Every structure is written in structure tokens, then in C-alpha cells.
Amino acid sequence: MAEIEQILASGDGDLILDLVGAPAEADIDPAALSEITELLVGAELDPDGIAPFGDGVVTIPAVVDGRAWLFYLVLHNGEWKLALTEETP
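Residue 42 in numbering that gives the first Met the number 0 sits at position 43 of the sequence shown, and the numbers go up by one each step.
Do not rely on the hints blindly, as some may be mistaken.
[To be verified] Below are the EDC-like pairs computed for lysine to aspartate or glutamate, each with C-alpha atoms no more than 16 Å apart in a straight line:
hint : residue 1 : residue 2
1    : Lys80     : Asp54
2    : Lys80     : Asp13
3    : Lys80     : Asp17
4    : Lys80     : Glu2
5    : Lys80     : Glu4
[What the hints assert, rightly or not] Cβ pair distances, simulated, as ranges:
hint : residue 1 : residue 2 : range
6    : Ala30     : Leu74     : 29 to 37 Å
7    : Phe52     : Asn76     : 12 to 20 Å
8    : Ala82     : Glu24     : 17 to 25 Å
9    : Tyr71     : Ala31     : 16 to 24 Å
10   : Gly10     : Ile49     : 18 to 26 Å
11   : Ser9      : Asp45     : 17 to 25 Å
12   : Asp54     : Asp28     : 14 to 22 Å
13   : Gly48     : Glu24     : 30 to 38 Å
14   : Glu34     : Lys80     : 17 to 25 Å
15   : Glu85     : Val40     : 17 to 25 Å
16   : Asp26     : Pro51     : 31 to 39 Å
17   : Leu69     : Ala8      : 14 to 22 Å
Read the hints as simulated data drawn from the structure, not as lab findings.
All of these numbers come straight from a predicted model, not from anything done at the bench.
By construction, the Cβ of each residue, glycine as well, lies at the ideal position given by its N, Cα and C atoms.
Please put together the full structure from these sequences, using the hints given.
Rendered as C-alpha cells:
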């Protein structure tokens, strides 16, 4: 999980796109990439809260700008990819 946090903290759009599983040749609108990066930069993951959600899927609680989120990670080709985020109460 430390590697995921480092990617999220980096603010590097290319690394974040790789984390979310976007293909290298994806043509992502710069404004959308900026929005995704802004949302994820600085996310604090709680590795103690990791829970299985299904075959090859886990959830992990996170805090972004003081707000609670649940991140869904999918194991794809031996790497964890961020598939979904959900703000939690």
C-alpha cells in the first residue's frame, strides 16, 4: 500500500493513470486528468482496514482532505489497480 500512497502523493498524472488502469495510449482530457489527480493526491490509506470484497478485489478506507472514502482495488496482471472510489459518511 505504501507504493500506492507514493503514487497518489506524487501528483504525477501518468503514474496515477497507470494506477487506475488506463491504457498508455488513452487520450485523457487534461481537465479530467487534473480533476482525478487533485482528488487522489494526498490520500491517506488505512492498511489495517483492508477487507476482501470478492475474488481479486479489496476495499481500503482512505481519508482525502479530511473526508472519508472507500477505495476499491482490483488485482490485474499481478498489480493492484484503483477501480472505484466511494465517499463514506
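Verification of the hints:
A distance of roughly 14 Å separates the Cα atoms of Lys80 and Asp54; the hinted pair therefore holds under the 16 Å criterion. About 14 Å separates the Cα atoms of Lys80 and Asp13, which keeps this hinted pair within 16 Å; it holds. Proximity of Lys80 to Asp17 is assessed by CA-CA distance (about 8 Å); at most 16 Å being required, the pair is judged to hold. For the given pair, Lys80 sits about 12 Å from Glu2 by alpha-carbon distance, which is consistent with the 16 Å threshold.
Between the alpha carbons of Lys80 and Glu4 the distance comes to roughly 12 Å, so the proposed pair stays at or under 16 Å and holds. Take Ala30 and Leu74: their Cβ atoms lie about 30 Å apart, and the range 29 to 37 Å holds. Checking the proposed 12 to 20 Å range against Phe52 and Asn76 shows it holds: the Cβ atoms sit about 19 Å from each other. One distance hint, 17 to 25 Å for the beta-carbon pair Ala82 and Glu24, holds here, with the actual separation near 20 Å.
Taken as a hint, the range 16 to 24 Å holds for the pair Tyr71 and Ala31, whose Cβ atoms sit roughly 20 Å apart. In this structure the hint that Gly10 and Ile49 lie 18 to 26 Å apart at CB holds, the actual value being about 24 Å. For the hinted restraint 17 to 25 Å between Ser9 and Asp45, the CB-CB distance of approximately 20 Å keeps it satisfied. For Asp54 paired with Asp28, a C-beta distance near 33 Å fails the hint of 14 to 22 Å.
The hinted window of 30 to 38 Å between Gly48 and Glu24 holds, with their beta carbons roughly 35 Å apart. In this structure, Glu34 and Lys80 meet the distance hint of 17 to 25 Å, their C-beta atoms being roughly 19 Å apart. The hinted window of 17 to 25 Å between Glu85 and Val40 holds, with their beta carbons roughly 18 Å apart. In this structure, Asp26 and Pro51 meet the distance hint of 31 to 39 Å, their C-beta atoms being roughly 34 Å apart.
With their beta carbons about 19 Å apart, Leu69 and Ala8 fall inside the hinted range of 14 to 22 Å.
Consistency note: the structure conflicts with earlier hint 12 alone.
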